[in-house]
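As given, the protein sequences belong to chains A and B, one line each in that order. Position in the first sequence counted from 1, then plus 5, gives you our numbering. Position in the second sequence counted from 1, then plus 105, gives you our numbering.
In case anyone wonders, no lab produced these hints; they're calculated from the structure. Don't take each hint at face value.
[As the list claims (entries may be wrong)] Some chain A residues flagged as far from chain B (calculated, every beta-carbon gap over 10 Å):
(1) Ala26
(2) Glu145
(3) Ala146
(4) Glu227
(5) Pro248
(6) Leu251
(7) Ala263
(8) Pro302
(9) Cys325
(10) Ala336
(11) Gln359
(12) Ala383
(13) Glu394
[To be verified] Over 10 Å on every C-beta distance to chain B, these chain A residues come out as not near it, computed from the model:
(14) Leu24
(15) His28
(16) Pro184
(17) Asp236
(18) Arg301
(19) Cys313
(20) Thr364
(21) Trp380
(22) Ala384
(23) Ala397
[Unchecked claim] Facing chain B, according to a computed beta carbon distance under 8 Å, are these residues of chain A, among others:
(24) Ser246
(25) Gln307
(26) Val332
Beta carbons are placed, not taken as given, at the ideal position from N, Cα and C, and that holds for glycine.
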Amino acid sequence: MDFRLTEEQRALRTTLRELLARHYPPHRLREAAAAARTPDANGAAGGEAGEPPTAPTSPATPGALSPATPGTPATPGTPATPGTPVTSVAPATLGAPVSLGTSVPLGASVAPGAPGAEVVDAECWRALGRAGFFAVLLPEASGGLGLGLPEAVLLFEEAGRALLPGPLVGTALAAGLVPGAAEGEAMVGALDARHPLLEYPGVCRAALVLDGATTRLLDTGELARCATPLDSLDPLTPLASLPGPLPARHPPGRPPGASRLRQEATLLTAALQLGSAARSVETAVAHARGRTQFGRPIGAFQAVQHLCAGMLERLEPARCAVYAAAVTGTAEESAAAKLLADEAAIHNARDCLQVHGGTGFTWESEVHLHLKRAWVRAAQWTTAQEAEELLAAELLTPETDWPRNS
Amino acid sequence: MDLAYSAEEEEFRARLRGWLRTALPGLPAPPDPHDWPARRAYDCGWQRMLYEAGYAGLHWPAEAGGQGATPTQHLIFLEETERAGAPYVGAGFVGLLHAGPTIAAEGTPEQRARWLPPILRGEQVWCQGFSEPDAGSDLAALRTRAVRDGEDYLVTGSKIWTSHAQIADWCELLVRTGTGHETPGGPDTSRHRGLSWLALPMDAPGVTVRPLRTLAGTTEFAEVFLDGVRIPASQRIGAENDGWRVTLVTLSFERGTAFAGEVVACRRVLREVARAARDNGRWDDPVLRRRLGRLAADLGALWRLIQWNVSEAQHTGGLPGTGGSVFKLCYSRARQELFEAAAEALGLAALDRNHRWTADRLSSLAYTIAAGTSQIQRNIVAERILGLPRGR
Ligand SMILES: Cc1cc2nc3c(=O)[nH]c(=O)nc-3n(C[C@H](O)[C@H](O)[C@H](O)COP(=O)(O)OP(=O)(O)OC[C@H]3O[C@@H](n4cnc5c(N)ncnc54)[C@H](O)[C@@H]3O)c2cc1C
Numbered sequence: 006m007d008f009r010l011t012e013e014q015r016a017l018r019t020t021l022r023e024l025l026a027r028h029y030p031p032h033r034l035r036e037a038a039a040a041a042r043t044p045d046a047n048g049a050a051g052g053e054a055g056e057p058p059t060a061p062t063s064p065a066t067p068g069a070l071s072p073a074t075p076g077t078p079a080t081p082g083t084p085a086t087p088g089t090p091v092t093s094v095a096p097a098t099l100g101a102p103v104s105l106g107t108s109v110p111l112g113a114s115v116a117p118g119a120p121g122a123e124v125v126d127a128e129c130w131r132a133l134g135r136a137g138f139f140a141v142l143l144p145e146a147s148g149g150l151g152l153g154l155p156e157a158v159l160l161f162e163e164a165g166r167a168l169l170p171g172p173l174v175g176t177a178l179a180a181g182l183v184p185g186a187a188e189g190e191a192m193v194g195a196l197d198a199r200h201p202l203l204e205y206p207g208v209c210r211a212a213l214v215l216d217g218a219t220t221r222l223l224d225t226g227e228l229a230r231c232a233t234p235l236d237s238l239d240p241l242t243p244l245a246s247l248p249g250p251l252p253a254r255h256p257p258g259r260p261p262g263a264s265r266l267r268q269e270a271t272l273l274t275a276a277l278q279l280g281s282a283a284r285s286v287e288t289a290v291a292h293a294r295g296r297t298q299f300g301r302p303i304g305a306f307q308a309v310q311h312l313c314a315g316m317l318e319r320l321e322p323a324r325c326a327v328y329a330a331a332v333t334g335t336a337e338e339s340a341a342a343k344l345l346a347d348e349a350a351i352h353n354a355r356d357c358l359q360v361h362g363g364t365g366f367t368w369e370s371e372v373h374l375h376l377k378r379a380w381v382r383a384a385q386w387t388t389a390q391e392a393e394e395l396l397a398a399e400l401l402t403p404e405t406d407w408p409r410n411s
Numbered sequence: 106m107d108l109a110y111s112a113e114e115e116e117f118r119a120r121l122r123g124w125l126r127t128a129l130p131g132l133p134a135p136p137d138p139h140d141w142p143a144r145r146a147y148d149c150g151w152q153r154m155l156y157e158a159g160y161a162g163l164h165w166p167a168e169a170g171g172q173g174a175t176p177t178q179h180l181i182f183l184e185e186t187e188r189a190g191a192p193y194v195g196a197g198f199v200g201l202l203h204a205g206p207t208i209a210a211e212g213t214p215e216q217r218a219r220w221l222p223p224i225l226r227g228e229q230v231w232c233q234g235f236s237e238p239d240a241g242s243d244l245a246a247l248r249t250r251a252v253r254d255g256e257d258y259l260v261t262g263s264k265i266w267t268s269h270a271q272i273a274d275w276c277e278l279l280v281r282t283g284t285g286h287e288t289p290g291g292p293d294t295s296r297h298r299g300l301s302w303l304a305l306p307m308d309a310p311g312v313t314v315r316p317l318r319t320l321a322g323t324t325e326f327a328e329v330f331l332d333g334v335r336i337p338a339s340q341r342i343g344a345e346n347d348g349w350r351v352t353l354v355t356l357s358f359e360r361g362t363a364f365a366g367e368v369v370a371c372r373r374v375l376r377e378v379a380r381a382a383r384d385n386g387r388w389d390d391p392v393l394r395r396r397l398g399r400l401a402a403d404l405g406a407l408w409r410l411i412q413w414n415v416s417e418a419q420h421t422g423g424l425p426g427t428g429g430s431v432f433k434l435c436y437s438r439a440r441q442e443l444f445e446a447a448a449e450a451l452g453l454a455a456l457d458r459n460h461r462w463t464a465d466r467l468s469s470l471a472y473t474i475a476a477g478t479s480q481i482q483r484n485i486v487a488e489r490i491l492g493l494p495r496g497r
């Protein structure tokens, strides 16, 4: 037994961390958030929405209009005009600007009014596709990396750490099923019919729906008919609900079993949460070291120290649970991993906010983005209730061996 | 990320299982928890069985008479013995996990030859005399004094919370021998510099043991009064005034794999709690069900965290690092939560002092205090793992 990461696994993680640092540096995140629709994006009360993306750390200018507003739907029901360039959102210095223009062919934005394009970085997405991110589990014979779940969770942990927007899990699930998904040329959503919530509806070319034991694929047109935009609490995760009965289309060829896909989705989402939880610890600790009050770094105050230590107490067991679930691949360990990672992501973001004080409560800070995304992810795939009920039910089944040793 | 055990490790497991199958039926019935001589005899008897089977001092280095097993083999040992229902280390804890390893690491060849074999054979029981009435978390504030008198020290002071003191033959005693100014060091280190580590025979004249009753009702620990106790200087481990460093070698053993068997036991209890709730109808309560499901996740993750720490230790020479602090924090909380949830599942039966889970529920309360309180662990995590500035 050697639970540590192998050299190759470390290298893989480093490669992706570097790729993300190049293609999605932290300031991009704040800019995307500043550019994203805010509750007052229709120009009502001003506030943080007026934050110019070029000055992410300066205080918000009350009343100023967001440059994002023109190209952004004012209300969830108002259709966005596909192709409307919002390149002005991103400062020119960033290169590879975010625009509907680049993301429409990519995702063939099909649910009019469903947002998403303005926060997804198409360039970065393609770079991930070229690097094989979405095809990590796809066999080499099918053009994938042919790696296992342990490698996949490491990659998703990094994406979660960078809080990379986009339908990451759905696209990885769809690799090999939907043309272009594996290569990063098509964005694909995925959802469990028990939680009919689709992220990034505006950029998804298709969506996998795991309904009981069946895997269905909704194409562009069907998505457009079924998806009802939901005014997402998280500025970086546009959402749509799919309330009605869904058309029964199956993907071409023999679809993989829904339970396997559901378990993979649960685990990959847990890995994203894990990365976010880890990032919150880093951010909190960095702030606690740098911020001075009463003549001392606040990190020297025990109350702050113990908040930070508590974050590690959530993170480390969650990390081991996610990695172990990736190795054993059991449904129970995957559910437990999601349960613990959800909680670590949510509560670490909460504590990170507390450590940041007022700064943490602003739109410009990264903190709320982690918290809101963690809330969204906690509602996707296996929820806390489902995980706990599953694990409870398992306690009453005959047990042969615990811990399971392989 | 490999959770599979190697062929050698599996062979070790199989051999151990085979031995446990034949050996355990020969064990006497477990003693009454209030009968201390019987408890000592039982724990020493088990250690003797381990010794004869070649499992004594598994994780000790071979030079110290141990088996030189890897941390992973030690983990397998703890897992399998718990699964098989074998006894815990019990009264052998300090000898096998603190004093012994310290003597092995820091003692002279004579000292090792004198004290280590009887520990391994289950002949001598050690206790730990560190804490004092005015020095608990702040151990370096201890005041028990040892004054040099020729070849001896004369020791006066008192120790408290000394587990198993009333049945121990020896005590690893931390005393003040200097003022701290003998050796250079800042004002903060000086308190730590004047301490020494002595082996105290518990039957020496001037030693008085007064058992203390814990809230669980048994006399698990005691006060130890030292009144001019004469201890030969040859019974000092390490250099004079270097006892703090010597002690740190000891303390780090406490938070390593020591609880691995207990985590396996907790999982068993959790399943029993679920069945009890099903039988008494409380299983219909989704709040209780979810609480138990959550505990299943916690215990599973704790086991994986142990494997993570063991894998690290395997490559850092076997010394458990600060990672043990995170584990201890999480485990002590999970254990307390398990027995709280058990009480909820039992309902009124949880108020029965003789219920089989009552003693565990009560003793679990010590887990966030003993061996470094949770607050102290969080200080360690904050300063040594997260690198936050030193607090006050
Ligand atoms: C069952 C049991 C068995 C034990 N066995 C032994 C043994 O065999 N040998 C031995 O030597 N000792 C033993 N101990 C003692 C144990 O190590 C101490 O109880 C422990 O170190 C705490 O010290 P204290 O009891 O003096 O509490 P204090 O140190 O007085 O702590 C009281 C409270 O203050 C908090 N506190 C103290 N300092 C800080 C700080 N810097 N920051 C934040 N909070 C702080 C603590 O967390 C705690 O909540 C045992 C204890 C128990 C409960």
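**OP:** Against the earlier hints, flag every one the structure doesn't satisfy and list their numbers going up.
**Re:** Going through the list in order, the structure violates hints 8, 9, 13, 18, 19, 23 and 24 and respects the others.
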